[in-house]
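Number of protein chains: 2
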Amino acid sequence: MPAINRVLEANLHNSINYDPKDVSPRPRMQLAVLTCMDTRISLPALGLKVGDAHMIRNAGGIATDDAIRSLVVSHYLLGTNEIMVINHTDCGLMKASESELHHKIEQEAGKAPNAAVHFHAFQDVDANVRQQLRRLKSHNWLEDRVKIRGFVFEVETGRLREVHG
Amino acid sequence: MPAINRVLEANLHNSINYDPKDVSPRPRMQLAVLTCMDTRISLPALGLKVGDAHMIRNAGGIATDDAIRSLVVSHYLLGTNEIMVINHTDCGLMKASESELHHKIEQEAGKAPNAAVHFHAFQDVDANVRQQLRRLKSHNWLEDRVKIRGFVFEVETGRLREVHG
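Chains as they are written, first to last, in the numbering used here: chain A, 1 to 165; chain B, 1 to 165.
Next comes chain A alone, as it looks inside the complex (with noise of 0.2 Å):
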């Protein structure tokens, strides 16, 4: 079976607990995270629960155009005023430079892509973390209103440690 016919399935199932009147569009803590899409990052490795946060998801936690637009929203349609920003140690995209990752997704897919794709490759996980630092903090949008604070998250053991940006 699909993998969506199973989540649909589950989905069904976890409806019946689902309550509207215990969740509310604005996050509990006031806290919005900018973090990586990898399947090891979730709320409760993070230490967070549901409706604590906005979650703001991308391949390697980027502070990109449009991860920018969602912390915009998030502070000024619903009240958050603290954002983390939370990289993680074996990210995809640390293993491979910007032309190698390219070159690799060009040559499997056999063709060049519609529009020019920048993967954001790094190699060092705690600079990388201070660049999207930068990046939010030179937003004018966002830099004298929202606390903004970098971590890396170690999957090996679990942990959030700060980077001081």
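Each hint should be verified, as a subset may be incorrect.
Same chains, same names: a pair is fine if it fits in one copy or spans any two.
Listed below are the simulated EDC-like cross-link pairs for lysine to aspartate or glutamate, each with C-alpha atoms no more than 16 Å apart in a straight line [what the hints assert, rightly or not]:
#1 Lys147 <-> Glu162
#2 Lys111 <-> Glu156
#3 Lys111 <-> Asp144
#4 Lys21 <-> Glu156
#5 Lys111 <-> Glu143
#6 Lys21 <-> Glu100
#7 Lys21 <-> Glu154
#8 Lys21 <-> Asp90
#9 Lys95 <-> Asp124
#10 Lys49 <-> Glu9
#11 Lys104 <-> Glu156
#12 Lys137 <-> Asp65
#13 Lys49 <-> Asp22
#14 Lys21 <-> Glu106
#15 Lys111 <-> Asp19
In case anyone wonders, no lab produced these hints; they're calculated from the structure.
As the structure is a computational prediction, the values presented were derived from the model and not from experiment.
Guided by the hints, dock chain B onto chain A, whose structure is given.
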């Protein structure tokens, strides 16, 4: 105490039960989910367990260039072959037009943004899901390689409802 400090305490506590052998960077269901950052959307609400899927999340669950980058990494580097696009009812992006959002935030911030922000506001959630499906299905690094289906998560009931592209 700042929210982030409370998260760090909870993370330290939860990491006692974290075992790296329980988790893999490759999603167990070979599934990637693109959805909204909204607090009401969680793994259990959708019908997922930790490790099942890549979670790509932004304001709205929009197939931006950044989301496409993440889905490409997910498929080519980490073996996913199905994508669920999930928007939801009562989304903050449905409550104002693009220009109303821009005006409201610029007024509150007291300054224009460093660079133009496109919020991806929408009015009709089914039509919005179909638009994201079209974007993904027309990307030539995804179109003929990955099964892509679209859904609305009904925050009133916790149920997923399929939207055909």
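Do the hints match the structure? See the list:
Taking identical chains as interchangeable, the C-alpha atoms of Lys147 and Glu162 lie at most 16 Å apart only when both belong to the same chain, with a minimum of 14 Å there against 38 Å between chains. Taking the shortest alpha-carbon separations for Lys111 and Glu156, neither the intra-copy value of 37 Å nor the inter-copy value of 43 Å comes in at or below 16 Å. In this assembly of identical chains, Lys111 and Asp144 lie within 16 Å of each other by CA distance solely across copies; the values are 12 Å between and 44 Å within a copy. Taking the closest pair of Cα atoms, Lys21 and Glu156 come within 16 Å of each other only across two copies (9 Å); inside a single copy the shortest separation is 37 Å, beyond that limit.
For the homomeric pair Lys111 and Glu143, the shortest alpha-carbon distance between copies (12 Å) is at most 16 Å, but the shortest distance inside one copy (41 Å) is not. Proximity of Lys21 to Glu100 under the C-alpha cut-off of 16 Å is found in neither arrangement, the shortest distances being 49 Å within a copy and 29 Å between copies. In this assembly of identical chains, Lys21 and Glu154 lie within 16 Å of each other by CA distance solely across copies; the values are 13 Å between and 35 Å within a copy. Taking CA atoms no more than 16 Å apart as the test, Lys21 paired with Asp90 passes between copies only; the shortest distance there is 14 Å, against 38 Å inside one copy.
In the homo-oligomer, the alpha carbons of Lys95 and Asp124 lie at most 16 Å apart inside one protomer (11 Å), although the nearest pairing across protomers, at 40 Å, exceeds that limit. For a Cα distance limit of 16 Å, the shortest separation of Lys49 from Glu9 across copies, 13 Å, qualifies, whereas the shortest one inside one copy, 23 Å, does not. Taking the shortest Cα distances, Lys104 and Glu156 never come within 16 Å of each other, neither inside one copy (28 Å) nor across copies (44 Å). For the identical chains of this complex, Lys137 and Asp65 are intra-copy neighbours only, at 13 Å inside a copy versus 22 Å across copies, given an alpha-carbon limit of 16 Å.
For the identical chains of this complex, Lys49 and Asp22 are intra-copy neighbours only, at 12 Å inside a copy versus 20 Å across copies, given an alpha-carbon limit of 16 Å. In this assembly of identical chains, Lys21 and Glu106 lie within 16 Å of each other by CA distance neither inside one copy nor across copies; the values are 47 Å within and 32 Å between. Within a single copy, Lys111 and Asp19 get their C-alpha atoms no closer than 47 Å, and across copies no closer than 40 Å, so neither meets the 16 Å cut-off.
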